[in-house]
Every structure is written in structure tokens, then in C-alpha cells.
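Here are the chains, one letter per residue:
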Amino acid sequence: MPMTIDVEQHGGNPPVTCVALTGELDASNYEQVIDVVRNAYADGARRLVLDLENLTFMASSGLFALHSAVRIMGGETPPDPEEGWSALHQMSMDEDAPASNLRLAAAQEPIARVLERTGMLRVFALDATRADAIATLQGA
Amino acid sequence: MAGPRAIQIPASVENLAEVRAFVRDCVGEFGGSKRVADDLVQAVDEATCNVMLHGYKSKPGDIDIEASLRDRKIEIRILDRATTFDPTAAEPRDPARRPAPTRIGGMGLGIELLRGLTDEVHHSVRPDGGNELTLVRSMDRPTQEE
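So the protein sequences, as listed, match chains A and B.
For the first sequence, our numbering begins at 1 and goes up steadily by one.
For the second sequence, our numbering begins at 1001 and goes up steadily by one.
The following block holds chain A by itself, in its conformation from the complex (with noise of 0.2 angstroms):
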């Protein structure tokens, strides 16, 4: 199953951007991920929340372009694929303090146990809804 990515600008103050990714994240279309918030960052997006609610599936690059998009939304440069270990042991981020302006919603159980198990939820908030996120981004 291929995935899809639909962006949806949420209005309010400030305003939230919600890429929601559908179907499968691996190894073919990781980059497609890295693209849209490189865009969205371009575009002035400055909060966002990744909806995974439609994600079936999600492999290690897809943690990968979810690092990425912490990255991007930090104002770094994400790491090149190709050039690997050293690009991302320079990694700049405070310790156990996950990103503040990029939020996960929503991930299935088995995302949410790659997350857990891989140690990323100390990288990534999880929600449990993209409402939730989205207040939260907002400060509700």
C-alpha cells in the first residue's frame, strides 16, 4: 500500500500545520516525509503535528524522517541519509527534553511499540488524539 500525505493548516494563534500520513512508512518513501515539512518549514510553519492515526505501518526510516522532521522544525539541517553515524552523533537537541514545537498524534499500537521500544518517545510527544496536540502546541 502506497502512503499518502495530506497537509492541513489548523487556524487559531498560533496556527498549527497537521501532516497526516496514511497507509505505509518505509524504506521507498521515507523522503516524501522529509520534503513535506522541509516545505512546510519553508512556508513559515513553526508548529506541527504529524497525525499517524492512518499509519499502518511504520519501519526504521521511517524514525528516521520523524528525527528529520524534529530536525527541520528546530531550524537544523536534518542529517544527509547517505552520510550517516557522524551527521547525526553531532545531533544538538537537549537531552530528554523532546522537541517542543512538533508533535506525534495518534500512532496505532504496533507505531506506538516501534516508538517505545526504539526509545524515541524521549525525541517525540505522543498524543493520543491531534486535537490534543494541536492544544497542546497551542497552549490550551
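None of these hints come from the bench; they were simulated from the model.
Any given hint could turn out to be false.
[To be verified] Restraint ranges, calculated between C-beta atoms of paired labels, are given here:
| hint | chain 1 | residue 1 | chain 2 | residue 2 | range |
| --- | --- | --- | --- | --- | --- |
| 1 | A | Gly44 | B | Arg1035 | 38 to 48 angstroms |
| 2 | A | Gly44 | B | Gly1031 | 19 to 29 angstroms |
| 3 | A | Gln32 | B | Asp1064 | 24 to 34 angstroms |
| 4 | B | Glu1029 | A | His10 | 18 to 28 angstroms |
| 5 | B | Val1136 | A | Ala112 | 19 to 29 angstroms |
| 6 | A | Gln9 | B | Asp1140 | 43 to 53 angstroms |
| 7 | A | Gly75 | B | Gln1008 | 17 to 27 angstroms |
| 8 | A | Ala112 | B | Asp1128 | 36 to 46 angstroms |
| 9 | A | Glu109 | B | Ser1058 | 26 to 36 angstroms |
| 10 | A | Asn54 | B | Pro1004 | 46 to 56 angstroms |
| 11 | A | Ala42 | B | Ala1089 | 36 to 46 angstroms |
| 12 | A | Asp35 | B | Ala1002 | 37 to 47 angstroms |
| 13 | A | Ala131 | B | Glu1120 | 24 to 34 angstroms |
| 14 | A | Ala112 | B | Asp1062 | 28 to 38 angstroms |
[What the hints assert, rightly or not] To give an idea of the chain B side of the interface with chain A (calculated C-beta under 7 angstroms), a few residues:
| hint | residue |
| --- | --- |
| 15 | Val1013 |
| 16 | Cys1049 |
| 17 | Asp1119 |
| 18 | Glu1120 |
Note that the Cβ used here is the ideal one computed from N, Cα and C, for glycine as well.
Position chain B against the provided structure of chain A, taking the given hints into account.
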């Protein structure tokens, strides 16, 4: 009792979805739970992706995947003709360190997932060249949470 099954795919990441569908189908046919299917789908995707990117180095080649059931254990063998590549040689990540996804399909989180999702992972070099990676997952293993 369901018999062994096999598919052959060209080594391209475009074919990973077909590999996942094959594994899910086999686990269902063998009578495994959704949880066993989820775990094996994830593990085989990671292992097969490794073969494509690090074994064949994104060059053309074939990958055979065989699934069988023995003593309530599902065994999946991934066979290639690529240069020797042993993912089991990777060092485990120190759990105290913050996770850092490495390059795609690299010896990072993918391998860690492989280990956590299966009961056994074996690598051997095939006598006539290429690699054989065997993943074993019990159908009865209680849910493992970390």
C-alpha cells in the same frame, strides 16, 4: 498444517510492501496472532531492507524469502547473493544513551528492532556465495514489553 512458502523479489525498496504482505499472510496461515505478525513484519522489513542497501548496495539482485512453521515456531529465511553482510555482528545500543537513528537501513535501530522482535537471529554465509539470515519467532512467546 500449513506448508512452507516462499517468494523471490528483486532487491529494490519498492518491493518491501510485497515482502510485508507475504509475511503477514504466512503468519496468518500458520495460525499466529496479530502481535506475532506485527513483530515479524517489522523484523523482516528491516532485515530485507538491510540486504538491499548494504548487501546489494542498491544494485540489482534477487532476494528469496522462505517461511515455515516447526514446533510452533515460525522460521523465516532471507537468502541473497550479495557480498557478506552480517547484521548480527552489530553491537547492541547502550540503553542509557539517547537513541539516534542512523542512516537508513544502517546497523542502528533496525538491528535493535530485529533482536527485540524475534527469539533468534542467525547469519551464515552460503556455501556458493551470498548470505542466509534466519529469524525465529515463537507463536507462544508471551508479549514482551521493554
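We went through each hint and held it up to the structure:
1. Gly44(A) / Arg1035(B): 38 to 48 angstroms: Holds: the Cβ-Cβ distance is about 42 angstroms, inside 38 to 48 angstroms.
2. Gly44(A) / Gly1031(B): 19 to 29 angstroms: violated (52 angstroms)
3. Gln32(A) / Asp1064(B): 24 to 34 angstroms: This hint holds: roughly 29 angstroms between Cβ atoms.
4. Glu1029(B) / His10(A): 18 to 28 angstroms: Since the Cβ atoms of Glu1029(B) and His10(A) sit about 43 angstroms apart, the hinted range of 18 to 28 angstroms is violated.
5. Val1136(B) / Ala112(A): 19 to 29 angstroms: Check passed, 25 angstroms falls within 19 to 29 angstroms.
6. Gln9(A) / Asp1140(B): 43 to 53 angstroms: The hint (43 to 53 angstroms, Cβ to Cβ) holds, given that Gln9(A) and Asp1140(B) are roughly 49 angstroms apart.
7. Gly75(A) / Gln1008(B): 17 to 27 angstroms: violated (46 angstroms)
8. Ala112(A) / Asp1128(B): 36 to 46 angstroms: holds (43 angstroms)
9. Glu109(A) / Ser1058(B): 26 to 36 angstroms: holds (32 angstroms)
10. Asn54(A) / Pro1004(B): 46 to 56 angstroms: Since Asn54(A) and Pro1004(B) have Cβ atoms about 34 angstroms apart, the given range 46 to 56 angstroms is violated.
11. Ala42(A) / Ala1089(B): 36 to 46 angstroms: holds (41 angstroms)
12. Asp35(A) / Ala1002(B): 37 to 47 angstroms: Since the Cβ atoms of Asp35(A) and Ala1002(B) sit about 42 angstroms apart, the hinted range of 37 to 47 angstroms holds.
13. Ala131(A) / Glu1120(B): 24 to 34 angstroms: Taking Cβ atoms as reference, Ala131(A) and Glu1120(B) lie about 43 angstroms apart, which means the hint is violated.
14. Ala112(A) / Asp1062(B): 28 to 38 angstroms: Given about 35 angstroms between the Cβ atoms, the range holds.
15. Val1013: holds (4 angstroms)
16. Cys1049: holds (5 angstroms)
17. Asp1119: violated (15 angstroms)
18. Glu1120: With a closest approach of 18 angstroms, the Glu1120(B) hint is violated.
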